[in-house]
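A.B. asks: Given chain A, put chain B in place with the hints provided.
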Amino acid sequence: MNPPETLNQIDAPILSIRGLHVRLSRDGRPNTVLDGIDFDLDAGEVVALVGESGSGKSTIGLTLQGLLPAEAQPEVSGSVHLAGHEIVGAKPHDLRTIRRGLVRAVPQDPMGALNPTMSIGKQLREGGLSADEVVDWLARTGLPDPARIAAEMPHRLSGGQRQRVLIAMSMAARPRLLIADEPTTALDVTVQAQILTLLKNLAREHNTAILFITHDLAVAAELADRVMVLYGGRVAEVGNTRTLIGAPLHPYSAGLLSARFNLDSDRGRQLGTLSTEPRRPRPDGAHCNYVTRCPLAEADCAERRPDLVRQQDGRQVACFHADHVPDLMARSREAPPWPEALAGDANALELYRITKSFGSGGGLFQRPRQTQVLAGIDLRIQQGECVALVGESGSGKSTLLRIAAGLLAPDEGDVSWFGGVQPQVVFQDAVAALTPWLTVDEQIRDRLRPLGLSRAEQTSRIAAALELVGVDPALRKALPSELSGGQCQRITVARAVIVPPRLLLCDEPISAMDVSLAAQTLNLLGSLRRRLGMAMLFVTHDLAAARLIADRIAVLEKGHLVEIGEPDQIISAPQAPYTKMLVGAVPRLAS
Amino acid sequence: MATYLSKRLGGLVLVLVVMSFIVFCLQAIIPADPARALAGPSAPPETIAQIRTELGLDQPLLVQYGTFVRHLAEGNLGTSIRTRQPVAADVLKYGPASLELIIAAMLLGTSLAFILAFAQTTMRRSGAVRLGMLAAGSFPIFLTALLLAYFLWFKLGWFPGSGRLDIRRFTGPTGFFVLDGLLLGRPDIALNALWHLALPALTLSVPIAISVGRSLNSALVDVLRQPYIRTAHGKGLSGGRIFLRHGLRNAASAPLAMLGLQVGLLYGNLLIVERIFSWPGLGLYTVQSFASSDLPAILGVAMVFGAFYILVTMLVEILQSIADPRIALQ
Chain A
263 MNPPETLNQI DAPILSIRGL HVRLSRDGRP NTVLDGIDFD LDAGEVVALV
313 GESGSGKSTI GLTLQGLLPA EAQPEVSGSV HLAGHEIVGA KPHDLRTIRR
363 GLVRAVPQDP MGALNPTMSI GKQLREGGLS ADEVVDWLAR TGLPDPARIA
413 AEMPHRLSGG QRQRVLIAMS MAARPRLLIA DEPTTALDVT VQAQILTLLK
463 NLAREHNTAI LFITHDLAVA AELADRVMVL YGGRVAEVGN TRTLIGAPLH
513 PYSAGLLSAR FNLDSDRGRQ LGTLSTEPRR PRPDGAHCNY VTRCPLAEAD
563 CAERRPDLVR QQDGRQVACF HADHVPDLMA RSREAPPWPE ALAGDANALE
613 LYRITKSFGS GGGLFQRPRQ TQVLAGIDLR IQQGECVALV GESGSGKSTL
663 LRIAAGLLAP DEGDVSWFGG VQPQVVFQDA VAALTPWLTV DEQIRDRLRP
713 LGLSRAEQTS RIAAALELVG VDPALRKALP SELSGGQCQR ITVARAVIVP
763 PRLLLCDEPI SAMDVSLAAQ TLNLLGSLRR RLGMAMLFVT HDLAAARLIA
813 DRIAVLEKGH LVEIGEPDQI ISAPQAPYTK MLVGAVPRLA S
Chain B
21 MATYLSKRLG GLVLVLVVMS FIVFCLQAII PADPARALAG PSAPPETIAQ
71 IRTELGLDQP LLVQYGTFVR HLAEGNLGTS IRTRQPVAAD VLKYGPASLE
121 LIIAAMLLGT SLAFILAFAQ TTMRRSGAVR LGMLAAGSFP IFLTALLLAY
171 FLWFKLGWFP GSGRLDIRRF TGPTGFFVLD GLLLGRPDIA LNALWHLALP
221 ALTLSVPIAI SVGRSLNSAL VDVLRQPYIR TAHGKGLSGG RIFLRHGLRN
271 AASAPLAMLG LQVGLLYGNL LIVERIFSWP GLGLYTVQSF ASSDLPAILG
321 VAMVFGAFYI LVTMLVEILQ SIADPRIALQ
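For the record, the sequence lines run as chains A and B.
Letter by letter, the first sequence follows residues 263 to 853 of the numbering used here.
Letter by letter, the second sequence follows residues 21 to 350 of the numbering used here.
Bound-form chain A, shown alone:
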């Protein structure tokens, strides 16, 4: 690089954010999304930006690239200084120069982030690489046969391969700052670990600073030197990763940590959770943004806004009551135990030698291939028992769930349910699983029609069901579009359990959720199944969630059931090599 920059590099941070405010309009109403961010990043440093959805973490990433969506009519004030360039108020031409060489991004969803009608090689060459450099960079991201990949079109590659391509695309520009916005959430666990390692190594090699945006503190812990916790557009806490995770000083960080479950969480009790769903903060007022959810809130929190204060150990916290947070952490370890379980002896679900194949592929020169998705699966779930089905995408777990639900016919084999009653299903995308033009009341009432109850009885049953899943019965008249994602998921659960089914099937119900929401949903499903005596098949790619919710874990690899057993046994002593790999790939909090 040129000499003046080398001089800069020694003492000044590569990125310096001062008093950054961003207002974005949604449906014509301006909203403060970032409310005074001050932050420095050194060359080669890896910092994790942690927060729930709505915290403003992705907006920081977009602001740094000057890519805030124009339709949101962004108003940006403050200063963002990146390697000698001011980004706030920069001309479009200068912004393009900055994006070309100084700041690059690795996106959240690798499937959509590559142009489907342009070859991989061409998309990389657009960034100014020669054909040889393209192959070289693809090779450096660990892609096998890089020359072939360069000639491929994006749809021929897997999600992990595409994310490697995108990393190559970003790193090849040798940027000073790399923004990685949840780059692994859309990927399988085993691939996640590889991608994180790759990012870290490349950044170290090229002295690139990384701003790693995530909602998962464990992922942050694996990668980052420092962690910045963001809440309601303000910095709640910044500090060294180890100290922050070992002893958080902001009640929000503490809440995130206690809601975060892993392979060591206590299976005997429910998870600690953050108090309520995130409410829209009132960022302009003179008060702490977290006051509406904070278990430590006192009168002063609603009257004054806490500034970021540097502590003795060097980290900064914006909380008046930081000294009470250790007590809060201690209390959160004593979450309530699970309710008493009701169980029976009969089988709620019996799957006997299920096989299923799908035709796939087939182009100009090939016939469609028959791919076997399930190869002779035997599985029995007892009344009141929960079995978690784990495996990577493509393992056939969702297909098996759909067969168990009676939504898909197996090629061979038998499905039988206790009493012959079809089970209820809770799907991953709760918003899509609700009919948009029916109110909550109408969607749930449909399930009560066959029972011949009076209208008043139906209404009281609906109110009771909503109470059971923790939704305010006043929301009975709401449409799905007026509810949050978490509320929608609770409504789908209420709809499934209002007539308690013998068997509840859950398809990745928490995979798209923030940690706090995921913990709440696991608590809800875990309590309900015990109280109502439901058997449950819980499909997930998350071993930690499987271990917490289930009595047995079944591991599916390419359509074969490779291992089934008691959760702690599977995790502490996995037998199948595939299970070992899955267990090894789960990120853990370093403590």
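These aren't lab readings, by the way, just hints derived from the structure by calculation.
Some hints here could point you the wrong way.
[What the hints assert, rightly or not] Just some of the chain B residues that point at chain A, by a computed CB distance under 10 Å:
{"no.": "1", "residue": "His253"}
{"no.": "2", "residue": "Ser258"}
{"no.": "3", "residue": "His266"}
{"no.": "4", "residue": "Gly280"}
[Unchecked claim] Using C-beta positions, here's what the derived DEER-type ranges look like:
{"no.": "5", "chain 1": "B", "residue 1": "Ile342", "chain 2": "A", "residue 2": "Ala694", "range": "29 to 37 Å"}
{"no.": "6", "chain 1": "A", "residue 1": "Ala694", "chain 2": "B", "residue 2": "Ser146", "range": "29 to 37 Å"}
{"no.": "7", "chain 1": "A", "residue 1": "Ser722", "chain 2": "B", "residue 2": "Asp242", "range": "41 to 49 Å"}
{"no.": "8", "chain 1": "A", "residue 1": "Gly638", "chain 2": "B", "residue 2": "Ser146", "range": "52 to 60 Å"}
{"no.": "9", "chain 1": "B", "residue 1": "Arg261", "chain 2": "A", "residue 2": "Asp302", "range": "55 to 63 Å"}
{"no.": "10", "chain 1": "A", "residue 1": "Phe620", "chain 2": "B", "residue 2": "Ala22", "range": "23 to 31 Å"}
{"no.": "11", "chain 1": "A", "residue 1": "Arg387", "chain 2": "B", "residue 2": "Ile342", "range": "18 to 26 Å"}
{"no.": "12", "chain 1": "A", "residue 1": "Lys820", "chain 2": "B", "residue 2": "Val89", "range": "39 to 47 Å"}
[As the list claims (entries may be wrong)] So these bits of chain A aren't anywhere near chain B, every CB distance computed over 12 Å:
{"no.": "13", "residue": "Ser278"}
{"no.": "14", "residue": "Ser315"}
{"no.": "15", "residue": "Ser341"}
{"no.": "16", "residue": "Glu388"}
{"no.": "17", "residue": "Ser594"}
{"no.": "18", "residue": "Phe689"}
{"no.": "19", "residue": "Leu715"}
{"no.": "20", "residue": "Ser722"}
{"no.": "21", "residue": "Gly795"}
Model, not experiment: these values are computed from the prediction.
Even for Gly, the Cβ is constructed at its ideal location relative to N, Cα and C.
C.D. replies: Same frame as chain A, but now just chain B:
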């Protein structure tokens, strides 16, 4: 590709066979007697009987259909009652005029569609454009034609209102007068032909421009929101390059299908436009055949346009698969 082409051409033959059957049945059912029409109203019964034998109309229907198909396979579409020429010869004579008009309308319509879509996609307030498109789209084609003729020809005299050329009795090697003018080294003829093309082509292009423009606009709006557009911005590429290289190609599929549909179904509008602008093409030929119940001519032209529609659809599918490699030709 070869498999695809052979499959599609096989399909074309199949559709033509089915069409020929329908056409033949229509001929057989309709109580018009071609022999009497050919012989004229005052011909004695012997003459009519003789013509019936000559035409094979005294044979059983199945035999007649066999003859009909055999003739079709030889490119014989029958004989026009009105012009007394083979319909195939008439098609060759009037076809180039229509094809020239269709191509001009297609090019003009596509260019207008681009402008409309571009204006709608890039302008902050595109309400006026949208309103204009809605108004123009709600006009029936004969009204568009008459209004254009009234203002641009009758009132302002900017463009001619009828015919293909000012020179009478011009014949060129291809029958496409713009091309002929250039081939013969007479750019004045090419320009004159273009000048005559303006009004009928513009009329025909209005529905194409509006439907393709709307389809292109909604595809662009959708594509420009895709994450790969943000990736391209993240690379520091210029807005123009992103629009052309990443936006347009990904948005091509739906408007291409719309263009194919519109061009393939131009026949109906062609009848009206060629009649109004006295354009000596297949549309005018069909209108004149209607007037004299010239069934062989009408049905022959219908078959030609049926085949044209299938060919256009095939072309569109090939173009779509070139634009988007995920679409496999099957």
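A.B. asks: The structure should be examined with respect to each hint, and the outcome stated for every one.
C.D. replies: To see whether the hints hold, each was checked on the structure:
1. Here the hint on His253(B) is kept, as its CB sits about 6 Å from the closest CB of chain A, short of 10 Å.
2. Nearest Cβ of chain A to the Cβ of Ser258(B): about 7 Å, under the 10 Å cut. The hint holds.
3. Against a cut-off of 10 Å between C-beta atoms, the interface hint on His266(B) holds, since the closest Cβ of chain A lies about 5 Å away.
4. Annotation: interface hint on Gly280(B) violated; nearest CB of chain A at approximately 19 Å, more than 10 Å.
5. Our hint of 29 to 37 Å for Ile342(B) and Ala694(A) holds, since their Cβ atoms are close to 34 Å apart.
6. Checked against the hint of 29 to 37 Å, the C-beta distance between Ala694(A) and Ser146(B) comes to roughly 31 Å, which is consistent with it.
7. Restraint check, Ser722(A) to Asp242(B): a C-beta distance of roughly 46 Å satisfies the suggested window 41 to 49 Å.
8. The given range of 52 to 60 Å is respected by Gly638(A) and Ser146(B), whose C-beta atoms sit roughly 59 Å from each other.
9. A hinted range of 55 to 63 Å is violated for the C-beta pair Arg261(B) and Asp302(A), which are about 34 Å apart.
10. A hinted range of 23 to 31 Å holds for the C-beta pair Phe620(A) and Ala22(B), which are about 28 Å apart.
11. At about 20 Å, the CB distance of Arg387(A) to Ile342(B) agrees with the hint of 18 to 26 Å.
12. Between Lys820(A) and Val89(B) the C-beta distance comes to about 55 Å, which lies outside the given range of 39 to 47 Å.
13. No Cβ of chain B approaches the Cβ of Ser278(A) within 12 Å, the least distance being about 21 Å, so the stated non-interface status holds.
14. Non-interface status of Ser315(A) relative to chain B is upheld: no Cβ of that chain comes within 12 Å, the nearest being about 17 Å off.
15. Every beta carbon of chain B lies more than 12 Å from that of Ser341(A), the smallest distance being close to 21 Å; the non-interface claim holds.
16. Separation of Glu388(A) from chain B is inadequate, the least Cβ-Cβ distance of about 6 Å not exceeding the 12 Å criterion.
17. Even its closest Cβ contact with chain B, about 37 Å, leaves Ser594(A) beyond 12 Å, as expected for a residue assigned away from the interface.
18. Its beta-carbon lying about 24 Å from the closest one in chain B, Phe689(A) satisfies the requirement of being farther than 12 Å from that chain.
19. Against the 12 Å criterion, Leu715(A) stays outside the reach of chain B, whose nearest CB is about 46 Å from its own CB.
20. The claim that Ser722(A) is not at the interface with chain B holds, since no C-beta of that chain comes within 12 Å of its own (minimum 45 Å).
21. The Cβ of Gly795(A) lies farther than 12 Å from every Cβ of chain B, with a closest approach of about 45 Å, so its non-interface assignment holds.
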